[in-house]
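Visitor: Read in order, the letters of the sequence shown correspond to residues 15 to 188 in the working numbering.
In short, the hints are calculated from the structure, not lab data.
One or more hints might be untrue.
[To be verified] Okay, derived cross-link-like pairs now, DSS-like style, lysine-lysine, Cα gap no bigger than 27 Å in a straight line:
hint, residue 1, residue 2
1, LYS130, LYS55
2, LYS141, LYS130
3, LYS130, LYS140
[Said to hold, decoys possible] Per label pair, the in silico range of CB-to-CB distance:
hint, residue 1, residue 2, range
4, LEU167, THR84, 53 to 59 Å
5, LYS140, MET57, 33 to 39 Å
6, LEU139, THR84, 41 to 47 Å
Beta carbons are placed, not taken as given, at the ideal position from N, Cα and C, and that holds for glycine.
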Amino acid sequence: MGKVKDEAAEARSSKPAPKAGKPGRRANRFWATLFGSGLYKPMQGWHARLWTGIGAASLLLVGVWRLFDTLDGLAIPVRYGLAGTLAAAFAWLSFRIVHYPPFADFLIATQAEMNKVSWISRDDLKKATAVVLITVLMISLFLFGIDQLWMTLLRWIGVLNVTAGTGEAMGSAG
15 MGKVKDEAAE ARSSKPAPKA GKPGRRANRF WATLFGSGLY KPMQGWHARL WTGIGAASLL
75 LVGVWRLFDT LDGLAIPVRY GLAGTLAAAF AWLSFRIVHY PPFADFLIAT QAEMNKVSWI
135 SRDDLKKATA VVLITVLMIS LFLFGIDQLW MTLLRWIGVL NVTAGTGEAM GSAG
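Turn these sequences into a full structure, and let the hints guide you.
Guide: As structure tokens, then:
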């Protein structure tokens with residue numbers, strides 16, 4: 015009996031499968047945003063969009079620069095034309111991607127959450143940084159001392175026999 019009830023519940027809750035012939039609305043909206051000129055919520059999340067766009071453009075332009083270096087054997091107009099065209103296309107892509115509604119909403123929400131954070135003061139930041147750096151230095155010196163102590167002890171009992179400068183063990187078969 016339980017099997018019949020489970021199958022009936024599945025039949026009621028299942029949604030019809032989407033038709034394979036129609037393109038998705040999300041893809042249409044992406045292409046409309048990419049080739050459009052409108053700005054989605056232009057004044058919201060401005061800093062998050064600005065720095066995300068700059069970061070994306072920087073990464074893409076590094077790729078264009080590497081491509082430009084790779085195409086060293088081609089004629090200069092071809093190299094500059096290809097690199098310039100790709101740079102312009104990637105700059106447009108990085109500008110338009112921050113205005114794609116789902117991504118723009120994410121960046122707006124991110125900036126809103128970052129505004130809620132209580133940030134540490136500059137003086138507290140300097141003090142905390144000094145504590146971390148001094149602690150790392152002290153632990154490094156302690157570990158260096160322990161390492162030197164063990165090396166001295168192991169040399170003294172004859173377990174470790176290292177020649178100065180080469181780092182190779184004496185008497186080892188090569």
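Visitor: Each hint should be assessed against the structure and marked as holding or not.
Guide: Status of each hint after checking the structure:
1. Taking the CA atoms of LYS130 and LYS55, the gap is near 20 Å; set against the 27 Å cutoff, the hint holds.
2. Taken as a hint, the LYS141 and LYS130 pair is honoured in the structure, with Cα atoms around 23 Å apart against an allowance of 27 Å.
3. Distance check on the hinted pair: LYS130 and LYS140 sit about 22 Å apart at the alpha-carbon level, within 27 Å; holds.
4. Take LEU167 and THR84: their Cβ atoms lie about 55 Å apart, and the range 53 to 59 Å holds.
5. Look at LYS140 against MET57: about 34 Å separates their beta carbons, and that is inside 33 to 39 Å.
6. Taking 41 to 47 Å as the suggested C-beta distance range, the pair LEU139 and THR84 conforms, at roughly 43 Å.
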